[in-house]
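K.L.:
Chain by chain, the residues:
Protein chains: 2
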Amino acid sequence: MLKNLRIVLVQPKGSGNIGSVARAMMNSGLKDLAIVGEGRIHSFSARAMAVHAREILQGARRFDTLREAVADCGLVVGTTCRSGLYRSHSRLPREVAPKIVSTIRTDSRQVALVFGPEDHGLSNRDLKYCQWLITIPTNQDYASLNVAQAVMVCLYEIFLASLKRSPREAISRAPAESIERLFDIMRRSLLKIGFLDSQNPEHILLAIRRILGRAGLEEKDVHILNGLFRQIEWYSDGGWRVTQEKERQGLKIR
Amino acid sequence: MLKNLRIVLVQPKGSGNIGSVARAMMNSGLKDLAIVGEGRIHSFSARAMAVHAREILQGARRFDTLREAVADCGLVVGTTCRSGLYRSHSRLPREVAPKIVSTIRTDSRQVALVFGPEDHGLSNRDLKYCQWLITIPTNQDYASLNVAQAVMVCLYEIFLASLKRSPREAISRAPAESIERLFDIMRRSLLKIGFLDSQNPEHILLAIRRILGRAGLEEKDVHILNGLFRQIEWYSDGGWRVTQEKERQGLKIR
Chain A
171 MLKNLRIVLV QPKGSGNIGS VARAMMNSGL KDLAIVGEGR IHSFSARAMA
221 VHAREILQGA RRFDTLREAV ADCGLVVGTT CRSGLYRSHS RLPREVAPKI
271 VSTIRTDSRQ VALVFGPEDH GLSNRDLKYC QWLITIPTNQ DYASLNVAQA
321 VMVCLYEIFL ASLKRSPREA ISRAPAESIE RLFDIMRRSL LKIGFLDSQN
371 PEHILLAIRR ILGRAGLEEK DVHILNGLFR QIEWYSDGGW RVTQEKERQG
421 LKIR
Chain B
171 MLKNLRIVLV QPKGSGNIGS VARAMMNSGL KDLAIVGEGR IHSFSARAMA
221 VHAREILQGA RRFDTLREAV ADCGLVVGTT CRSGLYRSHS RLPREVAPKI
271 VSTIRTDSRQ VALVFGPEDH GLSNRDLKYC QWLITIPTNQ DYASLNVAQA
321 VMVCLYEIFL ASLKRSPREA ISRAPAESIE RLFDIMRRSL LKIGFLDSQN
371 PEHILLAIRR ILGRAGLEEK DVHILNGLFR QIEWYSDGGW RVTQEKERQG
421 LKIR
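Line by line, the protein sequences are chains A and B.
Counting in the working numbering, the first sequence runs from 171 upward without gaps.
Counting in the working numbering, the second sequence runs from 171 upward without gaps.
A few of these clues could be false.
Pairs count within a copy or across copies, as identical chains cannot be separated in the list.
[Claimed, not checked] Computed list of lysine to aspartate or glutamate pairs in DMTMM-like fashion (alpha-carbon distance at most 25 Å, straight line):
#	residue 1	residue 2
1	334	265
2	201	311
3	183	372
4	334	311
5	334	238
6	269	389
7	390	367
8	416	367
9	173	311
10	173	277
11	173	238
12	298	407
13	334	417
14	416	225
15	416	372
16	362	242
17	183	354
18	390	265
19	416	354
20	362	403
21	183	403
In case anyone wonders, no lab produced these hints; they're calculated from the structure.
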């Protein structure tokens with residue numbers, strides 16, 4: 171689906187960066203890479219950093235100007251780490267990503283995402299071709315991201331938006347009753363080995379309830395813990411004879 | 171604020187990647203970089219990719235093992251691009267980032283974010299030190315991110331989460347090393363009662379690590395659980411004779 175998204179690198183200096191961009195594109199399901207200017211697409215370090223994304227380098231197209239590189243695009247989105255008069259409408263990647271995705275879905279034209287040169291970023295002249303502008307939030311002491319890192323963050327947001335996946339429920343909890351049965355076995359077994367005070371077994375059990383309550387137990391967790399405390403009970407009910415005997419015979423326990 | 175977040179690179183191969191990680195850290199306001207193994211921190215390409223973040227390279231510390239690199243940390247978060255039995259509990263960066271931020275805010279200990287070697291990522295052996303696990307969603311045709319890109323995406327999410335106010339989390343975590351000692355006692359005692367398979371004790375222990383990792387253990391929780399598994403060990407080392415005898419005499423155990 172993100173094949174309709176084009177990454178445009180304007181005057182990239184480091185060829186390793188071009189390779190890293192290609193890899194980030196393939197990680198996110200993109201194909202269409204455009205280079206404005208003289209970037210060394212086919213250098214050793216570009217290929218090395220691309221790893222399994224060399225086909226994207228091979229398919230990359232070169233343009234003399236940004237205008238030409240985005241000529242057939244329905245939407246052009248720029249990126250900047252600087253602020254200023256022409257950049258005050260800039261938005262977070264998270265705000266822009268869903269709009270990019272819905273444009274890709276509804277429009278047959280390519281959408282372009284444009285990144286400037288490593289040293290100065292997009293010029294005001296380049297910005298005028300961009301309908302929207304993205305700024306990645308950073309520590310203000312050092313706001314300039316490596317260009318391939320900036321591409322990765324933008325593609326990560328767009329990829330997530332394209333999945334439209336809402337965060338999963340962290341866990342699916344076991345029903346309260348099966349937890350209570352776990353605590354019944356726990357109480358019985360820990361009394362037998364003398365860990366709980368028979369006058370007040372609930373005191374320590376409460377602390378364990380608190381820990382397991384924070385964890386939130388799924389069915390499979392309850393299953394494992396049931397097994398553990400059943401084994402303690404089995405052992406204290408005479409299982410120790412079996413294990414001692416096997417140990418004496420040098421056999422593997424269980 | 172994110173100064174309490176440590177980036178741990180396990181056996182990094184590319185020194186340029188180490189420099190890119192340092193830059194991403196400075197972009198996000200981090201300082202604390204730890205390298206497990208022989209990564210070339212001070213090479214030309216590490217310094218070149220770090221650009222203005224060379225002080226982070228200079229301050230980086232080297233450790234022989236992951237266990238040592240995270241020994242003083244209250245929370246250890248791993249990253250993986252693979253799926254599998256030991257990785258199924260992995261979450262999106264967006265789900266985990268707010269939890270990391272609230273832990274940093276409420277706990278004086280460092281939080282570690284751990285990244286594996288470029289070629290294979292974190293091993294199952296390394297994963298057992300990680301209480302939580304993050305997977306960055308990608309195109310399934312090429313799921314392996316460049317390590318510095320993966321660091322950037324995680325730090326981007328954590329940086330964004332740090333800009334928001336979040337409710338205080340009510341626990342102060344025990345250091346990783348005391349959790350490891352708890353697991354040492356747990357392994358020993360559960361082998362003795364035959365609950366763990368002596369051929370592969372780690373399999374079930376990993377499930378228990380996951381449960382307790384979600385819970386987040388405080389010192390007092392570790393104390394209680396140490397007591398529980400020490401009691402199991404005591405019992406299997408002959409304590410059963412004492413309790414059986416007392417039971418026969420109708421006495422209260424302990």
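K.L.:
Hint by hint, say whether it matches the structure.
P.N.:
How the hints compare with the structure:
Both within a single protomer and between protomers do residue 334 and residue 265 lie at most 25 Å apart by alpha-carbon distance, with minima of 14 Å and 14 Å respectively. Taking CA atoms no more than 25 Å apart as the test, residue 201 paired with residue 311 passes between copies only; the shortest distance there is 12 Å, against 34 Å inside one copy. Neither within a single protomer nor between protomers do residue 183 and residue 372 lie at most 25 Å apart by alpha-carbon distance, with minima of 28 Å and 49 Å respectively. Taking the shortest alpha-carbon separations for residue 334 and residue 311, only the inter-copy value of 19 Å comes in at or below 25 Å, while the best intra-copy value is 34 Å.
In this assembly of identical chains, the alpha carbons of residue 334 and residue 238 never lie at most 25 Å apart, being 32 Å within a copy and 40 Å across copies at closest. Both within a single protomer and between protomers do residue 269 and residue 389 lie at most 25 Å apart by alpha-carbon distance, with minima of 19 Å and 24 Å respectively. Proximity of residue 390 and residue 367 under a CA criterion of 25 Å is satisfied inter-copy only: 18 Å between copies versus 29 Å inside one chain copy. Taking the closest pair of Cα atoms, residue 416 and residue 367 come within 25 Å of each other only across two copies (14 Å); inside a single copy the shortest separation is 31 Å, beyond that limit.
Taking the shortest alpha-carbon separations for residue 173 and residue 311, only the inter-copy value of 13 Å comes in at or below 25 Å, while the best intra-copy value is 36 Å. Proximity of residue 173 to residue 277 under the C-alpha cut-off of 25 Å is restricted to the intra-copy arrangement: shortest distance 13 Å within a copy versus 44 Å between copies. For a Cα distance limit of 25 Å, the shortest separation of residue 173 from residue 238 inside one copy, 19 Å, qualifies, whereas the shortest one across copies, 44 Å, does not. Taking the shortest alpha-carbon separations for residue 298 and residue 407, neither the intra-copy value of 28 Å nor the inter-copy value of 33 Å comes in at or below 25 Å.
For a Cα distance limit of 25 Å, the shortest separation of residue 334 from residue 417 qualifies neither inside one copy, at 57 Å, nor across copies, at 58 Å. In this assembly of identical chains, the alpha carbons of residue 416 and residue 225 never lie at most 25 Å apart, being 61 Å within a copy and 60 Å across copies at closest. In this homomeric assembly, residue 416 and residue 372 come within 25 Å of each other (Cα to Cα) only across copies, at 22 Å, whereas the closest approach inside a single copy is 35 Å. In this assembly of identical chains, residue 362 and residue 242 lie within 25 Å of each other by CA distance neither inside one copy nor across copies; the values are 30 Å within and 36 Å between.
In this homomeric assembly, residue 183 and residue 354 never come within 25 Å of each other (Cα to Cα): the closest approach is 31 Å inside a single copy and 51 Å across copies. In this assembly of identical chains, the alpha carbons of residue 390 and residue 265 lie at most 25 Å apart only when taken from different copies (22 Å versus 27 Å within one copy). In the homo-oligomer, the alpha carbons of residue 416 and residue 354 lie at most 25 Å apart only across protomers (23 Å), although the nearest pairing inside one protomer, at 30 Å, exceeds that limit. Proximity of residue 362 and residue 403 under a CA criterion of 25 Å is satisfied in both settings, with 7 Å inside one chain copy and 13 Å between copies.
Neither within a single protomer nor between protomers do residue 183 and residue 403 lie at most 25 Å apart by alpha-carbon distance, with minima of 43 Å and 50 Å respectively.
The structure fails hints 3, 5, 12, 13, 14, 16, 17, 21 (numbered hints given earlier, in ascending order).
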